[in-house]
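Number of protein chains: 2
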Amino acid sequence: MRLRQRISMGCVFMVVSASIALGQTRGKAEDALLAADVAWEKVYAAKDLAKAVAFCGEHGSMLVPNAPIATGKEALTKAIASDFAQGNTTWHPNKVGVARSGELGYTSGTTDLTFKDPSGKTVTSKGNYLTVWKKVDGSWRVLFDSFNFE
Amino acid sequence: MRLRQRISMGCVFMVVSASIALGQTRGKAEDALLAADVAWEKVYAAKDLAKAVAFCGEHGSMLVPNAPIATGKEALTKAIASDFAQGNTTWHPNKVGVARSGELGYTSGTTDLTFKDPSGKTVTSKGNYLTVWKKVDGSWRVLFDSFNFE
Numbered sequence: 277m278r279l280r281q282r283i284s285m286g287c288v289f290m291v292v293s294a295s296i297a298l299g300q301t302r303g304k305a306e307d308a309l310l311a312a313d314v315a316w317e318k319v320y321a322a323k324d325l326a327k328a329v330a331f332c333g334e335h336g337s338m339l340v341p342n343a344p345i346a347t348g349k350e351a352l353t354k355a356i357a358s359d360f361a362q363g364n365t366t367w368h369p370n371k372v373g374v375a376r377s378g379e380l381g382y383t384s385g386t387t388d389l390t391f392k393d394p395s396g397k398t399v400t401s402k403g404n405y406l407t408v409w410k411k412v413d414g415s416w417r418v419l420f421d422s423f424n425f426e
Numbered sequence: 277m278r279l280r281q282r283i284s285m286g287c288v289f290m291v292v293s294a295s296i297a298l299g300q301t302r303g304k305a306e307d308a309l310l311a312a313d314v315a316w317e318k319v320y321a322a323k324d325l326a327k328a329v330a331f332c333g334e335h336g337s338m339l340v341p342n343a344p345i346a347t348g349k350e351a352l353t354k355a356i357a358s359d360f361a362q363g364n365t366t367w368h369p370n371k372v373g374v375a376r377s378g379e380l381g382y383t384s385g386t387t388d389l390t391f392k393d394p395s396g397k398t399v400t401s402k403g404n405y406l407t408v409w410k411k412v413d414g415s416w417r418v419l420f421d422s423f424n425f426e
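Keeping their order, the protein sequence lines are chains A and B.
Counted the way this note's numbering counts, the first sequence spans residues 277 to 426.
Counted the way this note's numbering counts, the second sequence spans residues 277 to 426.
It should be emphasised that the hints constitute simulated quantities derived from the structure, not laboratory data.
Worth double-checking, as some hints may not be accurate.
Same chains, same names: a pair is fine if it fits in one copy or spans any two.
The list that follows gives simulated cross-link-like pairs (lysine-lysine, DSS-like), each with its CA atoms no further than 30 angstroms apart [claimed, not checked]: (1) 327 x 354; (2) 304 x 371; (3) 304 x 327; (4) 349 x 397; (5) 323 x 349; (6) 349 x 327; (7) 323 x 410; (8) 349 x 402; (9) 397 x 371; (10) 410 x 304; (11) 410 x 349; (12) 318 x 392; (13) 410 x 318; (14) 392 x 410; (15) 397 x 410; (16) 318 x 371; (17) 354 x 392; (18) 402 x 371; (19) 410 x 371; (20) 304 x 392; (21) 304 x 397.
With the hints as constraints, model all of the structure from the sequences given.
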């Protein structure tokens, strides 16, 4: 019983720590959405175009700096391929939220674009992103993704 | 009875037309969020700093191009004041969505920033925006606002 209590306390501590790290209250729904964000980042950072596009909803949109808004799979494929060609993108979520009804949510955090400038020097642009997600047939899909650089 | 039917049909037609204009299904919740977006644009375009900031939640964030993320009333006040100083901002929503539970939603659309370039010529930068809203004490408040220019 004491051991079980200790394990429970340990779990509570871990959950509280994770919540503090993200600066907000998190439950299972938020954890699942965060996992989707992290999984999308993994295939995006690996420049796997097909898998990166597959995370987006049928009518998803990307708001890319210095480009028209991209809506729908064809436009998203072009926008993501163009992003891959520019350099290496990574991101880290620091906010997550899911509606009580469970089908709409958001993630937000920091993003880095590392590329070679015209002189051949490696440069990293630091920015921020905001993604709106919708659950489609049980899976989180990107409805909107917006980012800009500092 | 026939008149009531005609009025009902007229209302249905109007709602359907509005839905088609926004390219999606809309209900009362979406209309209320759209009204909040339009009301925010009105005070923002009029450069009413106090009213523009009042639309933002206590822990709201703005993702502004070429600037660090602004979170919280103080940072938002500075970010919005800086935006007002740059030129005249207007926007028009073309997408809206509200979670079934009614407390989380988004709006998205086009935004224009009109300003004078160094030569004194009036220039308009065209862009896109994405706003995540949360209902606080019955009122829609901005949780995240992100925009960038084409």
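These are the hints, each one checked on the structure:
In this assembly of identical chains, the alpha carbons of residue 327 and residue 354 lie at most 30 angstroms apart only when taken from the same copy (14 angstroms versus 40 angstroms across copies). In this assembly of identical chains, the alpha carbons of residue 304 and residue 371 lie at most 30 angstroms apart whether taken from the same copy (15 angstroms) or from different copies (28 angstroms). Taking the shortest Cα distances, residue 304 and residue 327 sit within 30 angstroms of each other inside one copy (24 angstroms), while across copies they are farther apart (36 angstroms). When the C-alpha separation of residue 349 and residue 397 is checked against a cutoff of 30 angstroms, the pair qualifies neither within a copy, at 34 angstroms, nor between copies, at 39 angstroms.
Taking identical chains as interchangeable, the C-alpha atoms of residue 323 and residue 349 lie at most 30 angstroms apart only when both belong to the same chain, with a minimum of 16 angstroms there against 38 angstroms between chains. In this assembly of identical chains, the alpha carbons of residue 349 and residue 327 lie at most 30 angstroms apart only when taken from the same copy (12 angstroms versus 39 angstroms across copies). Within a single copy, residue 323 and residue 410 get their C-alpha atoms as close as 23 angstroms, which meets the 30 angstroms cut-off; across copies the closest is 33 angstroms, which misses it. Proximity of residue 349 to residue 402 under the C-alpha cut-off of 30 angstroms is found in both arrangements, the shortest distances being 27 angstroms within a copy and 23 angstroms between copies.
In this assembly of identical chains, residue 397 and residue 371 lie within 30 angstroms of each other by CA distance neither inside one copy nor across copies; the values are 32 angstroms within and 40 angstroms between. Taking the shortest alpha-carbon separations for residue 410 and residue 304, both the intra-copy value of 16 angstroms and the inter-copy value of 20 angstroms come in at or below 30 angstroms. With identical chains, the CA atoms of residue 410 and residue 349 are at most 30 angstroms apart both within one copy (15 angstroms) and between copies (28 angstroms). Taking the closest pair of Cα atoms, residue 318 and residue 392 come within 30 angstroms of each other only inside a single copy of the chain (22 angstroms); across copies the shortest separation is 42 angstroms, beyond that limit.
Proximity of residue 410 to residue 318 under the C-alpha cut-off of 30 angstroms is found in both arrangements, the shortest distances being 19 angstroms within a copy and 29 angstroms between copies. Neither within a single protomer nor between protomers do residue 392 and residue 410 lie at most 30 angstroms apart by alpha-carbon distance, with minima of 35 angstroms and 40 angstroms respectively. In this homomeric assembly, residue 397 and residue 410 never come within 30 angstroms of each other (Cα to Cα): the closest approach is 39 angstroms inside a single copy and 43 angstroms across copies. Both within a single protomer and between protomers do residue 318 and residue 371 lie at most 30 angstroms apart by alpha-carbon distance, with minima of 18 angstroms and 29 angstroms respectively.
For the identical chains of this complex, residue 354 and residue 392 are intra-copy neighbours only, at 21 angstroms inside a copy versus 33 angstroms across copies, given an alpha-carbon limit of 30 angstroms. Taking the shortest Cα distances, residue 402 and residue 371 sit within 30 angstroms of each other both inside one copy (17 angstroms) and across copies (28 angstroms). Proximity of residue 410 and residue 371 under a CA criterion of 30 angstroms is satisfied in both settings, with 16 angstroms inside one chain copy and 14 angstroms between copies. Taking the shortest alpha-carbon separations for residue 304 and residue 392, neither the intra-copy value of 40 angstroms nor the inter-copy value of 49 angstroms comes in at or below 30 angstroms.
For the homomeric pair residue 304 and residue 397, neither the shortest alpha-carbon distance inside one copy (43 angstroms) nor that between copies (53 angstroms) is at most 30 angstroms.
Checked against the numbered hints above, the structure violates hints 4, 9, 14, 15, 20 and 21; every other hint is satisfied.
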